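Chemist: Sequence:
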Amino acid sequence: MMSQHPYPMPQAVPPAQSLPRRDMRDATRGPFTPPDTALPSQSAQQAPELAQRYELLHRLGVPTTADEDFDDLAQDMATQAGFLYGFVNLFLEQQTFVGLHQPPADSGFVIVGRTMSRDHGWCPEVMARRKALPLHDVHASPRFSGNTVVDAVGIRSYFGAPLIHASGTVLGTVCVIDPEKRPLAEARRLRDIVINASAQVMDHIARAQVR
Numbered sequence: 026m027m028s029q030h031p032y033p034m035p036q037a038v039p040p041a042q043s044l045p046r047r048d049m050r051d052a053t054r055g056p057f058t059p060p061d062t063a064l065p066s067q068s069a070q071q072a073p074e075l076a077q078r079y080e081l082l083h084r085l086g087v088p089t090t091a092d093e094d095f096d097d098l099a100q101d102m103a104t105q106a107g108f109l110y111g112f113v114n115l116f117l118e119q120q121t122f123v124g125l126h127q128p129p130a131d132s133g134f135v136i137v138g139r140t141m142s143r144d145h146g147w148c149p150e151v152m153a154r155r156k157a158l159p160l161h162d163v164h165a166s167p168r169f170s171g172n173t174v175v176d177a178v179g180i181r182s183y184f185g186a187p188l189i190h191a192s193g194t195v196l197g198t199v200c201v202i203d204p205e206k207r208p209l210a211e212a213r214r215l216r217d218i219v220i221n222a223s224a225q226v227m228d229h230i231a232r233a234q235v236r
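In this note's numbering, each number is its position in the sequence shown, counted from 1, plus 25.
None of these hints come from the bench; they were simulated from the model.
Please read these numbers as outputs of a predicted model, since none were measured by experiment.
The beta carbon of each residue, even a glycine, is placed where N, CA and C say it ideally should be.
It is possible that some hints are incorrect.
[To be verified] What follows is a set of in silico ranges between Cβ atoms, one per label pair, in the way DEER data are often shown:
# : residue 1 : residue 2 : range
1 : A191      : R213      : 40 to 46 Å
2 : R168      : E74       : 22 to 28 Å
3 : L85       : A153      : 35 to 41 Å
4 : A210      : E80       : 41 to 47 Å
5 : A72       : G138      : 22 to 28 Å
Using the sequences and the accompanying hints, generate a full structural model.
Modeler: Structure (structure tokens):
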């Protein structure tokens, strides 16, 4: 059961964090934190949309921090897809992973945090297009190959879908990522998995609201 919490608009935006480098064993390099590239005009344009999103999340009783129910949904999605990482991602001041599945800490794979700049990764594209984005190999298209997550972590495949409320407001995304590319023949099946996961998340939100 998802708990009810108030979510007032924060007064200060915390520094943007990003996914760390893939080579975590080289401690001298440290985590990769790209600069915040959002222009003031972009921030101003995002403010009304962000306020609307916060108001809706508060009304629905959706947590804006790590949540076990969303972690379980992220795990189910990643397991079905056979991907290392799965996310339930709310677009707040930063991309905020309220649901997260990743390899164990001692697995040798990158361990990611719960936030990332709004400008990085492929979820911003999903938010803008309001439909699923299947990238079986991010290097198959120059448009999606040049990305901070590719450069910093070495991710090769991404499948994401938007979280759209009945009001039309896009709350965020669900997605899976992996350092290995996938066969093109698998793209439709993997796309359908994230689309179904998106529906499950919105279903979960709707059910929690009436409890």
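Chemist: Give a verdict on every hint.
Modeler: Evaluation of the provided hints:
1. A C-beta distance of roughly 26 Å is found between A191 and R213, which places it outside the suggested range of 40 to 46 Å.
2. One distance hint, 22 to 28 Å for the beta-carbon pair R168 and E74, holds here, with the actual separation near 24 Å.
3. Between L85 and A153 the Cβ separation comes to about 23 Å, which falls outside the hinted range of 35 to 41 Å.
4. Checked against the hint of 41 to 47 Å, the C-beta distance between A210 and E80 comes to roughly 43 Å, which is consistent with it.
5. Distance hint check: the CB atoms of A72 and G138 are about 25 Å apart, consistent with the given range 22 to 28 Å.
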